[in-house]
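Participant: Read off the chains here:
Protein chains: 2
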Amino acid sequence: MENSLTPKDNAVEREPRGARRKRATRAKLIESAFRLMAGKGMEGVAINDITEAADVGFGSFYNHFESKEALYEAVVESVFEDFADWIDRLVASTTDNAQSISIAVRHTMLRVKREPMWGQFLIREGLSLRSLERGLGQRLFRDIRTGIEAGRFASGDPFMSFVSVGGTILVSIAVTLAEVDNPQITREDLPERTAAAVLRILGIDPKEADAIARHALSW
Amino acid sequence: MENSLTPKDNAVEREPRGARRKRATRAKLIESAFRLMAGKGMEGVAINDITEAADVGFGSFYNHFESKEALYEAVVESVFEDFADWIDRLVASTTDNAQSISIAVRHTMLRVKREPMWGQFLIREGLSLRSLERGLGQRLFRDIRTGIEAGRFASGDPFMSFVSVGGTILVSIAVTLAEVDNPQITREDLPERTAAAVLRILGIDPKEADAIARHALSW
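From first to last, the protein sequence lines are chains A and B.
Residue numbering for the first sequence is 1 to 219, as defined by the numbering used here.
Residue numbering for the second sequence is 1 to 219, as defined by the numbering used here.
Next comes chain A alone, as it looks inside the complex (with noise of 0.2 Å):
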């Protein structure tokens, strides 16, 4: 109901203390959203789990969100825009499609092992779709379409392209994830090979597709 262009959010604003712990207050409630929602999902958690967990009062949720889904939002930015930005300005001097689709699958495999929680959200966020409107799969699928149209990638049915690269990525995420112990799974190389994988269903070929999944990162 209330939004930082109320006219008593100004006011908080003009006074620093109050401003700065405004901020925190909204850091925590969107760690908390983030921590609940990353196991049970946005549907399975209620404002009042949010609150509880950071420690927030009820009523005081309004003062941050207009609803749960504007703290979904906002957690999704927070989670993923800054990633994929950050991704985007570190692939911004290559010029080769499948050298940038490649760095990004390692990186975004690569943080999922440091920080498995963010995979969790990302299963959850990338199969709802609701991420075709926005940050890493809405930037996956524009890559793909710029590969196919540069000629680096070969695709009769983009779509379906954007769904195998997807899939990919999410199911090497909950192999990654998995506490199954299988001799099966070979967990190995994971982030390479999976950006090889990748690079195959884009039509690149195989031995092209593993030597260019396994250059050295440059950061």
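Treat the hints as calculated values from the structure; they're not laboratory data.
Every residue gets a Cβ at the ideal spot worked out from N, C-alpha and C, and that includes glycine.
It cannot be assumed that every hint is accurate.
[Unchecked claim] Only pairs whose alpha carbons sit at most 25 Å apart, straight line, appear in this in silico DSS-like list of lysine-lysine: (1) Lys40(B) with Lys68(A); (2) Lys28(B) with Lys68(B); (3) Lys28(B) with Lys40(B); (4) Lys40(A) with Lys40(B); (5) Lys113(B) with Lys28(B); (6) Lys68(B) with Lys22(B); (7) Lys28(A) with Lys113(A); (8) Lys40(A) with Lys28(A); (9) Lys207(A) with Lys207(B); (10) Lys40(A) with Lys68(A); (11) Lys40(A) with Lys68(B); (12) Lys28(A) with Lys68(A).
[To be verified] Covered stretches of chain A, as calculated for chain B (at least 3 residues, CB under 8 Å): (13) 129–143; (14) 177–185.
[What the hints assert, rightly or not] Have a look at the derived ranges for each label pair, beta carbon to beta carbon: (15) Asp181(B) with Arg142(A): 18 to 24 Å; (16) Glu73(B) with Gly59(A): 41 to 47 Å; (17) Ser60(B) with Gly18(A): 53 to 59 Å.
Given chain A, work out where chain B should sit, using these hints.
Facilitator: Leaving out everything else, chain B in the frame of chain A:
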């Protein structure tokens, strides 16, 4: 569905009315667990939720199942094993590995369309990787390896081929279920396009993959 080999169950079966009632209660528990777990996952559902949804006393749960995990096994058994057996019989006379996998994928996608909740459960189960131990996931991996060994499929990394094929199917299911209305999401002929994408991943030439995926289904 009944484990009729235990002495206890045999005793019950000598008493028709009690046995019938017991089977009916067991079926109600499985059905309720299926509905709840499709939405929230096994971890998100308590025994109490299941007995309440099934309108069965909490205490009598343990007359039917040792634990929630045992009930979960029974759900997976009734939900996927029967379907997998049916698919196996359906393709028993098919000698081409590519045809078999195409038929299995299309029937899976068609069932998701008819029974969205079944698809929801399949996505959850598939991503948990518990599926690698049995049922559809395990059979899919088996069929991929068989095709590779027969030289019909090409793959330098059988596990990653399984990841890409499984991911393609799971995301296609998510596309079928998604309520997101986005012009980029093209749902026409999704069962056939998914089968074709799977065959391409397995190294089948795109034109042949399309032809196989659009063969008339003989059921």
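Participant: Starting from the hint list further up, note which numbers the structure goes against and sort them upward.
Facilitator: Structure breaks no hint.
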